[in-house]
Amino acid sequence: MTHALIPLDKPPSPGAPHRAELPTPVERTFPNGLRAIVFQQRSAPKALGVPIVAAQLMVRGGASAEAGAEAGLAQLTSTLLTQGSAQRGAVEIAQAVDGLGARLDASSGYDATVVSVSALTSVFPDALALLDEIARTPAFAEHEVERVRTKAIGDLALTYSNPSALARLIAQRTAFGTAPYGHPIAGTAETLASLDRAHVVAFHQRFFRPDNATLILGGDITPEAAFALIERQFGDWTTPATPLETMPPFEAPAPRARVVILDKPDAGRTAITIGRIGIARRAPEYVAGVVATAVLSGYSGRLNQEVRVKRGLSYGAGAQLLARRSPGMVLASTLVDHARVAEATDVILATLGGLGAEAPPESELVTRKATVTGSFSRSIETIDGIAGVLGELALYGVPLSDLGAYMPNVEAIAPDDVRDFVATYVARDPFVVLVGDAQRFVHAIRLAHADVTVIPAAELDLNRATLVR
Amino acid sequence: MFPADVGTSHPHHAIRPVLASLSPGAATSVAPIEYVERVLPNGLRVLLVEDHRVPSVAINVGYRVGGKDDPPGRSGFAHLFEHLMFKGTKNTRPETIDRLTEDIGGVNNAFTADDITNYYEVVPSNYLETLLWAEADRLGSLAVTEEHFHTERDVVIGEYDQRILAEPYGMLDELVNREAFRVHPYRRGVIGDPDNLRAATIDDVVAFHATYYRPDNAVLVVVGDFDPVEANGWIDRYFGRIDHAAAPIPRVTAEEPPQRGERRFTYRAANVPLPAVEYAFHIPPWRHPDFAALDVLESVLGMGKSSRLYQSLVYRQRIATGAYASADLREHAGLFEVRAIAANDVSIERLRTALDAELAALVDAPPSDEEMERVRTQIASSFVRGRQTYNSIAVSMVRSAIERDDPGAINHDLQRYRAVTPADVQRVARQYCTIDNRTTIEYLPQ
Numbered sequence: 001m002t003h004a005l006i007p008l009d010k011p012p013s014p015g016a017p018h019r020a021e022l023p024t025p026v027e028r029t030f031p032n033g034l035r036a037i038v039f040q041q042r043s044a045p046k047a048l049g050v051p052i053v054a055a056q057l058m059v060r061g062g063a064s065a066e067a068g069a070e071a072g073l074a075q076l077t078s079t080l081l082t083q084g085s086a087q088r089g090a091v092e093i094a095q096a097v098d099g100l101g102a103r104l105d106a107s108s109g110y111d112a113t114v115v116s117v118s119a120l121t122s123v124f125p126d127a128l129a130l131l132d133e134i135a136r137t138p139a140f141a142e143h144e145v146e147r148v149r150t151k152a153i154g155d156l157a158l159t160y161s162n163p164s165a166l167a168r169l170i171a172q173r174t175a176f177g178t179a180p181y182g183h184p185i186a187g188t189a190e191t192l193a194s195l196d197r198a199h200v201v202a203f204h205q206r207f208f209r210p211d212n213a214t215l216i217l218g219g220d221i222t223p224e225a226a227f228a229l230i231e232r233q234f235g236d237w238t239t240p241a242t243p244l245e246t247m248p249p250f251e252a253p254a255p256r257a258r259v260v261i262l263d264k265p266d267a268g269r270t271a272i273t274i275g276r277i278g279i280a281r282r283a284p285e286y287v288a289g290v291v292a293t294a295v296l297s298g299y300s301g302r303l304n305q306e307v308r309v310k311r312g313l314s315y316g317a318g319a320q321l322l323a324r325r326s327p328g329m330v331l332a333s334t335l336v337d338h339a340r341v342a343e344a345t346d347v348i349l350a351t352l353g354g355l356g357a358e359a360p361p362e363s364e365l366v367t368r369k370a371t372v373t374g375s376f377s378r379s380i381e382t383i384d385g386i387a388g389v390l391g392e393l394a395l396y397g398v399p400l401s402d403l404g405a406y407m408p409n410v411e412a413i414a415p416d417d418v419r420d421f422v423a424t425y426v427a428r429d430p431f432v433v434l435v436g437d438a439q440r441f442v443h444a445i446r447l448a449h450a451d452v453t454v455i456p457a458a459e460l461d462l463n464r465a466t467l468v469r
Numbered sequence: 470m471f472p473a474d475v476g477t478s479h480p481h482h483a484i485r486p487v488l489a490s491l492s493p494g495a496a497t498s499v500a501p502i503e504y505v506e507r508v509l510p511n512g513l514r515v516l517l518v519e520d521h522r523v524p525s526v527a528i529n530v531g532y533r534v535g536g537k538d539d540p541p542g543r544s545g546f547a548h549l550f551e552h553l554m555f556k557g558t559k560n561t562r563p564e565t566i567d568r569l570t571e572d573i574g575g576v577n578n579a580f581t582a583d584d585i586t587n588y589y590e591v592v593p594s595n596y597l598e599t600l601l602w603a604e605a606d607r608l609g610s611l612a613v614t615e616e617h618f619h620t621e622r623d624v625v626i627g628e629y630d631q632r633i634l635a636e637p638y639g640m641l642d643e644l645v646n647r648e649a650f651r652v653h654p655y656r657r658g659v660i661g662d663p664d665n666l667r668a669a670t671i672d673d674v675v676a677f678h679a680t681y682y683r684p685d686n687a688v689l690v691v692v693g694d695f696d697p698v699e700a701n702g703w704i705d706r707y708f709g710r711i712d713h714a715a716a717p718i719p720r721v722t723a724e725e726p727p728q729r730g731e732r733r734f735t736y737r738a739a740n741v742p743l744p745a746v747e748y749a750f751h752i753p754p755w756r757h758p759d760f761a762a763l764d765v766l767e768s769v770l771g772m773g774k775s776s777r778l779y780q781s782l783v784y785r786q787r788i789a790t791g792a793y794a795s796a797d798l799r800e801h802a803g804l805f806e807v808r809a810i811a812a813n814d815v816s817i818e819r820l821r822t823a824l825d826a827e828l829a830a831l832v833d834a835p836p837s838d839e840e841m842e843r844v845r846t847q848i849a850s851s852f853v854r855g856r857q858t859y860n861s862i863a864v865s866m867v868r869s870a871i872e873r874d875d876p877g878a879i880n881h882d883l884q885r886y887r888a889v890t891p892a893d894v895q896r897v898a899r900q901y902c903t904i905d906n907r908t909t910i911e912y913l914p915q
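In order, the protein sequence lines correspond to chains A and B.
If you count by the numbering used here, then the first sequence holds residues 1 to 469, one letter each, in order.
If you count by the numbering used here, then the second sequence holds residues 470 to 915, one letter each, in order.
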């Protein structure tokens with residue numbers, strides 16, 4: 001690089017992207033069916049290794065495996081895992097974790113439930129034993145079920161007061177109807193009220209079995225030591241006689257260009273969410289989808305430039321790619337003044353259409369790709385972060401080598417790939433969901449769109465594909 | 470947007486580097502952080518740590534100026550100034566740093582504490598030169614318009630409303646500083662006083678930049694994926710050309726006189742959901758050798774759900790909803806703070822009696838070996854987690870360099886914690902947690 005040419009009054013240009021030197025994961029399946037993926041963090045020279053080991057136990061089974069009438073069951077179950085085991089109550093578990101300087105968490109998404117732990121290498125075996133204890137022998141005490149369920153119902157009020165959150169929930173129903181990604185992951189007041197300890201126990205039994213589980217374990221530990229530790233801790237986990245459920249991909253409704261308006265006169269601003277069903281995580285177009293989303297998102301992304309910077313319609317606008325076991329949604333969202341809903345809707349649709357019609361210039365892709373690789377780099381700085389990426393790859397059947405291949409794959413995306421992804425999966429027949437004071441914009445929307453449904457807030461029913469009581 | 474680290478915002482500081490690389494009693498060890506240190510001819514202290522795990526780099530520029538250095542009648546000014554450092558230079562428009570980071574997948578932020586103002590970015594490593602240029606640029610010149618000054622001043626005053634007035638117990642931290650310090654400017658806190666801020670002018674901004682934002686008052690730390698020869702070239706090129714003023718940098722020389730006798734205050738305020746009581750004891754500066762025993766004392770009393778205060782007040786007696794301890798170590802003499810928030814219908818007297826009993830127990834007898842072992846594990850764990858990201862390493866080094874005058878301290882801390890004996894913990898409890906050295910604040914609902 002020739003420094004002498006760089007003027008001092010302007011920021012110097014970047015050099016070529018550097019390559020990451022990531023650990024190579026190793027995997028093994030134990031006789032009980034447990035799949036183990038281990039990795040060792042690179043250490044010196046010139047690498048600041050830390051004496052931490054992290055593990056994630058992931059079972060294939062999340063909110064998409066619960067019936068619509070049981071919405072919220074997966075999250076209720078995972079929240080309860082840390083709230084008591086056969087040996088210890090909730091406070092005793094928290095104290096044990098704390099005494100080890102460990103971190104222990106459990107959560108559910110649509111496709112999986114994950115229990116994770118990390119601790120200093122020297123006490124990690126004890127921390128892993130705690131993970132095992134809560135994952136295999138949860139108590140699901142009646143009073144804890146009641147407490148967690150009541151809190152979950154209480155939390156819904158906050159969600160429902162937020163136009164953006166409501167728009168997202170309505171978008172899910174609009175896109176998926178009664179298909180598995182259609183119901184709210186947090187449940188509804190009606191479904192949560194119907195859930196009891198028996199549901200939670202049954203959900204746990206269905207999915208927490210070694211032949212349905214993947215354990216990702218790594219950090220300051222050799223693969224041999226990691227496998228030995230896993231064998232010692234989980235070797236006696238027996239496979240039940242019942243056959244393992246298969247989870248075939250489901251059929252989602254065909255995309256349809258329509259507008260769904262939730263009339264919520266008390267909303268401060270109108271939430272706009274525009275989207276459609278896109279791709280599965282395993283799809284070959286996934287990386288193009290990630291780059292396309294980055295072209296649309298962020299302060300300097302196209303949506304924010306058009307909606308906020310050029311027109312001052314909003315504080316911000318962006319896009320999201322939800323790629324899952326089966327195709328999830330691609331969404332573009334913003335929050336605008338009620339009076340400018342029609343204009344903002346048109347701008348977003350035109351921005352999506354524009355990117356689907358014409359490939360972005362290479363110069364734009366350079367910085368938008370940097371937003372993808374830059375945030376990926378930060379996410380894999382920690383051992384937990386690496387375990388999280390490997391968990392996602394394992395869950396969706398993507399080769400584990402993608403940990404190292406991801407950044408080069410992002411760099412390899414061409415402008416046409418972005419255009420094609422947007423044309424095929426975003427701009428074609430998207431739905432529009434509007435949550436706000438409908439009387440301020442419904443006329444303008446009807447002039448521009450043929451298929452418009454208006455739902456008064458009092459009649460909204462998230463339990464149903466029709467969204468009305 | 471750029472949160473101030475208001476020294477005592479929470480009894481447990483997320484931002485202060487916690488302990489060093491030792492393992493739970495047994496054997497895990499952490500390799501020392503190998504850093505290269507040099508001082509440019511203009512006085513800028515530079516610390517470089519090379520690591521190539523991920524193609525990313527953290528850049529920190531810390532200035533030895535904080536809330537304690539606020540000009541007279543301008544409490545909160547250092548924090549306001551931190552916001553203005555994002556509002557443009559001779560060469561750049563406002564928010565340039567945001568564009569240069571967020572637009573390439575990076576992040577940036579800054580914080581102001583009692584003794585330090587620190588600015589940082591994490592970016593893909595091929596953008597290191599760009600960000601070094603940008604940091605040097607805003608050290609070299611600041612060009613804030615009246616309009617941006619007024620907007621940002623309102624933002625900072627809004628932050629006061631949000632963090633101090635709206636946040637439950639938000640004012641308690643301010644009261645602790647105000648009452649525990651009689652002479653030292655720590656008594657003004659970092660977030661400051663809205664009326665003082667309203668009186669500030671753009672002339673104050675120009676003067677503050679000239680006084681404190683100079684290379685011989687700054688520490689530059691770069692951690693991550695870079696070539697040291699290349700990085701040093703850029704540092705010389707962009708930072709080396711900035712001159713420092715000839716005038717000496719003003720320093721706080723006030724010393725808090727020893728406290729002789731308890732000070733007790735009762736305050737009533739809105740936004741106090743349940744009564745709280747706080748004890749604040751004067752302790753020596755961070756660079757004093759007792760820092761390690763004080764940090765261990767903090768952990769024995771207040772670190773997490775296995776700590777004595779939680780176990781006794783929250784779990785067994787059920788008289789508190791929360792109980793905390795914090796060794797708030799600073800460049801100058803700081804505070805050891807103990808706080809409890811009452812459970813429903815529990816009187817302040819009962820809460821105080823329980824706190825007194827826990828403190829007395831440590832004065833009377835040293836912690837057990839088993840307890841020490843647990844605390845060492847917690848401290849080591851917390852320290853090691855702080856070593857996981859480039860930016861957390863950089864922040865630790867900047868703070869060590871400025872608040873302890875010793876960037877290498879992070880490579881010795883863990884041994885120092887390991888060397889703390891049960892008798893040391895008892896000794897510091899006895900020495901500092903005395904009634905004469907105590908400021909007590911009872912904080913009650915209106």
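Worth flagging that the hints you see were computed from the coordinates, not collected in a lab.
Where is the CB? At the ideal position from N, CA and C, for every residue including glycine.
Misleading hints may appear alongside valid ones.
Restraint-style ranges between C-beta atoms, simulated for each label pair [as the list claims (entries may be wrong)]:
| hint | chain 1 | residue 1 | chain 2 | residue 2 | range |
| --- | --- | --- | --- | --- | --- |
| 1 | A | Arg232 | B | Arg651 | 54 to 62 angstroms |
| 2 | B | Asn740 | A | Ser161 | 38 to 46 angstroms |
| 3 | B | His713 | A | Asp346 | 51 to 59 angstroms |
| 4 | A | Gly89 | B | Arg899 | 29 to 37 angstroms |
| 5 | B | Asn813 | A | Glu364 | 56 to 64 angstroms |
Simulated crosslink set (SDA-like; lysine to any residue; CA at most 20 angstroms straight-line) [unchecked claim]:
| hint | chain 1 | residue 1 | chain 2 | residue 2 |
| --- | --- | --- | --- | --- |
| 6 | A | Lys10 | B | Leu611 |
| 7 | A | Lys151 | A | Ala186 |
| 8 | B | Lys774 | A | Arg88 |
The hints, checked one at a time:
no.: 1; hint: A:Arg232 / B:Arg651: 54 to 62 angstroms; result: holds, 60 angstroms
no.: 2; hint: B:Asn740 / A:Ser161: 38 to 46 angstroms; result: violated, 21 angstroms
no.: 3; hint: B:His713 / A:Asp346: 51 to 59 angstroms; result: holds, 55 angstroms
no.: 4; hint: A:Gly89 / B:Arg899: 29 to 37 angstroms; result: holds, 36 angstroms
no.: 5; hint: B:Asn813 / A:Glu364: 56 to 64 angstroms; result: holds, 58 angstroms
no.: 6; hint: A:Lys10 / B:Leu611; result: holds, 15 angstroms
no.: 7; hint: A:Lys151 / A:Ala186; result: holds, 11 angstroms
no.: 8; hint: B:Lys774 / A:Arg88; result: holds, 15 angstroms
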